[in-house]
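Student: Sequence:
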Amino acid sequence: MRRKPQQAAAHTYFLAYVGRMSSHDLEPRPPSPLVEKIDSALAVLIIVGIAFGSFWLASGLTSSYMVLFH
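The opening residue of the sequence shown carries number 352 in our numbering; numbering runs sequentially from there.
Worth flagging that the hints you see were computed from the coordinates, not collected in a lab. For glycine and all other residues, C-beta sits at the position ideal for the given N, C-alpha and C. It cannot be assumed that every hint is accurate.
Claimed, not checked - Simulated restraints, written as ranges between beta carbons of each label pair:
no.: 1; residue 1: Phe420; residue 2: Asp390; range: 39 to 47 Å
no.: 2; residue 1: Asp390; residue 2: Leu412; range: 54 to 62 Å
no.: 3; residue 1: Leu385; residue 2: His421; range: 49 to 57 Å
no.: 4; residue 1: Val395; residue 2: Phe420; range: 36 to 44 Å
no.: 5; residue 1: Val418; residue 2: Pro382; range: 43 to 51 Å
no.: 6; residue 1: Leu408; residue 2: Glu387; range: 52 to 60 Å
no.: 7; residue 1: Phe403; residue 2: Glu378; range: 38 to 46 Å
no.: 8; residue 1: Pro381; residue 2: Phe403; range: 27 to 35 Å
no.: 9; residue 1: Phe420; residue 2: Leu385; range: 48 to 56 Å
no.: 10; residue 1: Pro381; residue 2: Ser414; range: 47 to 55 Å
All chains should be modelled from the sequences, with the hints used to inform the complete structure.
Tutor: Printed below as a string of structure tokens:
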């Protein structure tokens, strides 16, 4: 099966990229302070979102219960 020219070019580029990678590129690096700040901010936003969503769900269920059964 012959490859299309675009596929062949992409495959050649990928092999060239893999060939350029050294063992140094594969070593883990410690996260930068900016990444740590972004991670902390996202964690806080997720926690606040879960808390707000839980409150919204509970208040909606309570309101529906009050309207339907009282």
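Student: Which earlier hints can't be squared with this structure?
Tutor: The structure conflicts with hints 2, 6, although it agrees with all the remaining ones.
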